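Residue numbers (this note's numbering), protein chains in the order written: chain A, 1 to 239; chain B, 1 to 211.
Simulated from the structure, these hints should not be mistaken for lab results.
Predicted, not measured: the structure shown is a model, and the values here were computed from it.
Check before you lean on any hint, since a few could be wrong.
[Claimed, not checked] Okay, the calculated beta carbon distance ranges per label pair:
no., chain 1, residue 1, chain 2, residue 2, range
1, B, Tyr58, A, Ala12, 36 to 46 Å
2, B, Arg186, A, Ile215, 47 to 57 Å
3, B, Val118, A, Arg78, 25 to 35 Å
4, A, Asp24, B, Asn166, 38 to 48 Å
5, B, Met40, A, Ala12, 49 to 59 Å
Where a beta carbon is used, it is the ideal one built from N, C-alpha and C, also for glycine.
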Amino acid sequence: MQPDKSSKKVFADARSALAGLTRDGMTVMSGGFGLCGIPENLILALRDSGARDLTVISNNAGVDGFGLGLLLETRQIRKMVSSYVGENREFERQYLAKELALEFNPQGTLAERIRAGGAGIYGFYTRTGAGTVVAEGKEQREVNGEFFVLETGLTADLSIVKAWKGDTEGNLVYRKTARNFNPMMATAGRVTVAEVEELVEPGVLDPDQIHTPGIFVQRIIRGAHYEKRIEQRTVRKRA
Amino acid sequence: MPWTREDLAKRAARELRDGYYVNLGIGIPTLVANYIPVGMDVVLQSENGMLGMGPFPYEGEEDADLINAGKQTITELATSSFFSSSDSFGMIRGGHIHLSVLGALEVAENGDLANWMVPGKMVKGMGGAMDLVAGVRRVVVVMEHNSKDGAAKFKPRCELPLTGANCVDMLITDLAVFERPDRKSRFRLLELAPGVTAEQVRAKTSAAFDG
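Bound conformation, chain A alone (with noise of 0.2 Å):
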């Protein structure tokens, strides 16, 4: 339990890097596109810490068996805040018997609501989704002839992110395309919790390449083991 003695922020592993912080009823944002960039550490001690009754913010909702799709096999998440979740069987019969609610937002919003609500700003007027069901129920304005929706800000009461390599500070850079949503989400949690593959010692990161500067940081590990499953492996031939 006790933070490594290098850093108040650096614990030992991914349980005890969310001893305290899981409850019942508890709102979680989850980084990742589809299985790119995912905490999968992080995913499976929070699994581990039987908190049910989750709300989760993430663009999608993993796969049968990885991901998030451990947590949906566990009944431990009660809705879902995502844009697409078409990889996930179990997901799509909690969903049909009513076990799950399921609250769409389209991918752009929903990265703009957690930067909003991680940088203070209670909502944004956004021609996305005007004229369709997503602008039901929001208030709507026109400017100039074309209509604009009511979108506010996501804060949650943990994130949990993943990075490719961070110091003891926190400070995080992502590699490729699996930094995605985990930038915003490191700044929307009221506690944040990264996971990298490489923990490296203050000075190691060249301060002018950090994507995630450390304030929004509280706990950071190095991940134990990462499977980084691939979901379309495609390829192409050589000459």
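Could you slot chain B onto chain A? The hints should help.
Leaving out everything else, chain B in the frame of chain A:
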């Protein structure tokens, strides 16, 4: 003879211009990347956070951290950049992407688009489609002209839930191409597939259009 999937992609590729930043949807739109004219500089955006998408990797060189919006493994180019989802949709919503090619279930004569809720199936979500049609400067739709039971998909009003209102600029089907000069105008029949007549197209379309 109606156009094939490859023909539709080729026709959509003719809408590309040198210097364009382009977002291609899943399905036939993805094939458009195979028909970028040689020498034309087109940058492909992937809404999960990448500009400058390269081809699929060679076997054994797949990188789980490098995928496109269809979750397929891809590669980067010397000119590529990576960014967050909020920056990505800032590009899209902010009108910085010149062209998007998307599939559709229905297109209405007023330019409304429905492409995210399939009737009788579990709703999977709109992903980035609503943001794309709301923000990209020019939206080109490719779809089959009629559904499997022969019903018109280019119609007076969409019956399925909309992805966006008044957002389609060009419609390419296996029978014909329709275009409108701006979003206040009606669609005009621009081209016909080989051997297809305007009368045949009219008989298979319930939307009103000119030409």
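Hint check:
The hinted range of 36 to 46 Å is satisfied by Tyr58(B) and Ala12(A), whose Cβ atoms lie roughly 39 Å apart. For Arg186(B) and Ile215(A), the Cβ-Cβ distance of about 54 Å falls inside the hinted range of 47 to 57 Å, so the restraint holds. At roughly 26 Å, the beta-carbon separation of Val118(B) and Arg78(A) lies within the given 25 to 35 Å, and the hint holds. Taken as a hint, the range 38 to 48 Å holds for the pair Asp24(A) and Asn166(B), whose Cβ atoms sit roughly 45 Å apart.
The hinted range of 49 to 59 Å is satisfied by Met40(B) and Ala12(A), whose Cβ atoms lie roughly 54 Å apart.
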